Structures are given as C-alpha cells and as structure tokens.
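Undergrad: So the sequence shown is numbered by the UniProt record's numbering: it starts at 1 and just counts up by one.
Worth flagging that the hints you see were computed from the coordinates, not collected in a lab. Be aware that a few hints might be false.
Mimicking BS3-like on lysine-lysine, the simulated pairs with C-alpha atoms at most 25 Å apart in a straight line are [unchecked claim]:
(1) Lys52 - Lys35
(2) Lys94 - Lys108
(3) Lys94 - Lys107
(4) Lys35 - Lys55
(5) Lys56 - Lys44
(6) Lys26 - Lys55
(7) Lys35 - Lys56
(8) Lys44 - Lys55
(9) Lys58 - Lys36
(10) Lys55 - Lys36
(11) Lys36 - Lys26
(12) Lys36 - Lys56
(13) Lys75 - Lys52
(14) Lys26 - Lys44
The model shown is predicted, which means the values in this text are computed figures rather than measured ones.
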Amino acid sequence: MFSATLARRLAAAAETSASGAKSSGKLYISRYPAKKVWPPDYSKLTPQAQLKYEKKYKRRVAMLSERPRWDRFVKLAQLLSVTSILTYAILFMKWEDERHNPFFGIKKGFWAQFGYTLDMGTKAPIQSTTARPDFNKNPQ
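Start from the sequences and build out the full structure, keeping to the hints where you can.
TA: Structure (structure tokens):
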C-alpha cells in the first residue's frame, strides 16, 4: 500500500515537473478555485464594466495599503519635530540681532515667569537678583 502511494506521488511529481519546467517553485492549486479570472480581459469588457473593475481594484489596493499604526506614528513624529523646533526657535535660539527678533516679547515674558531677565548682551538668561514675593507664607 505504501509503495503504491509513493509510486503515484513520484509519477505525479514527474508529470508536473515535465509540464511546468519553466516555472521555478511549487505549484499551488487551491481547493476552492476562483469563480472569475482576475484581472479580467479588458478588451472584451464594456466601458461601464471596466470602470466597475477599476473601482474594485482601487478599493482593494486602498484596503491593503492602510497602515493605521504607522500613519499615527508618522503624524505624531511630525507634530513632535515641528513643535520642538518652534519651541527652540522661540525660547532658546540666539538670534544675531535681538532687536529684530520677532519673538523677543514672548521670550522675555516666558523667562520672567521663572525669575530670569534677558539682557541683550548675554547668551543665556540671567537669574534675577530681585527678591520674589513668597506667597506660601501665612500673613500675620
């Protein structure tokens, strides 16, 4: 019994290799053959049927090319990079001429909230020497 099955398999392999000598790889035969040939022969179709198949193909390609996690990651990376560059340019970047800096008022106000003063001649904010009021103390 085993030898008969083995002989049939060898004979079938020889037939498929002889008929498909040009194809390199295993021949896949589905147990559920397709009802229609894809893609169809467009020369035999009407323009309406061609449009129908084009829409179907576009929809299939769009569904296969969707990558929601990757798209979300790319959008988040873009948002983070643009936000960090703008924050650096507005608050930390040393402009050649501070008088023509369009963000000097924003920069000065931001650093004033933390007790620093901006001097045009220095490269970094200077700690303010004035004492800030302590609002945590209880008035007597």
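Undergrad: It remains to establish, for every hint, whether it holds in the given structure.
TA: Going down the list of hints, with the structure as the test:
1. Note on Lys52 and Lys35: the hinted pairing holds, with a Cα-Cα distance of about 17 Å set against a maximum of 25 Å.
2. The suggested pairing of Lys94 with Lys108 holds, with an alpha-carbon distance near 13 Å, which does not exceed 25 Å.
3. Taking the CA atoms of Lys94 and Lys107, the gap is about 11 Å. The hint holds against a cut of 25 Å.
4. Between Lys35 and Lys55 the alpha-carbon distance is near 19 Å, which keeps this suggested pair within the 25 Å criterion.
5. For the suggested pair Lys56 and Lys44, the alpha carbons sit about 18 Å apart, so the restraint of at most 25 Å is met.
6. The suggested pairing of Lys26 with Lys55 is violated, with an alpha-carbon distance near 32 Å, which exceeds 25 Å.
7. Note on Lys35 and Lys56: the hinted pairing holds, with a Cα-Cα distance of about 16 Å set against a maximum of 25 Å.
8. Straight-line distance between C-alpha atoms of Lys44 and Lys55 comes to about 18 Å, which keeps the hinted pair within the 25 Å bound.
9. Simply put, Lys58 and Lys36 have alpha-carbon atoms about 18 Å apart, close enough for the 25 Å limit, and the pair holds.
10. Restraint check: the Cα-Cα separation between Lys55 and Lys36 comes to about 17 Å, which is no more than 25 Å; the hinted pair holds.
11. At roughly 23 Å between alpha-carbon atoms, Lys36 and Lys26 fall within 25 Å of each other, so this suggested pair holds.
12. For the proposed pair Lys36 and Lys56, the alpha carbon gap of about 14 Å is at most 25 Å, so the pair holds.
13. As the CA atoms of Lys75 and Lys52 are separated by approximately 33 Å, the hinted pair breaks the 25 Å bound.
14. The suggested pairing of Lys26 with Lys44 is violated, with an alpha-carbon distance near 32 Å, which exceeds 25 Å.
Hint violations for this structure: numbers 6, 13 and 14, all remaining hints satisfied.
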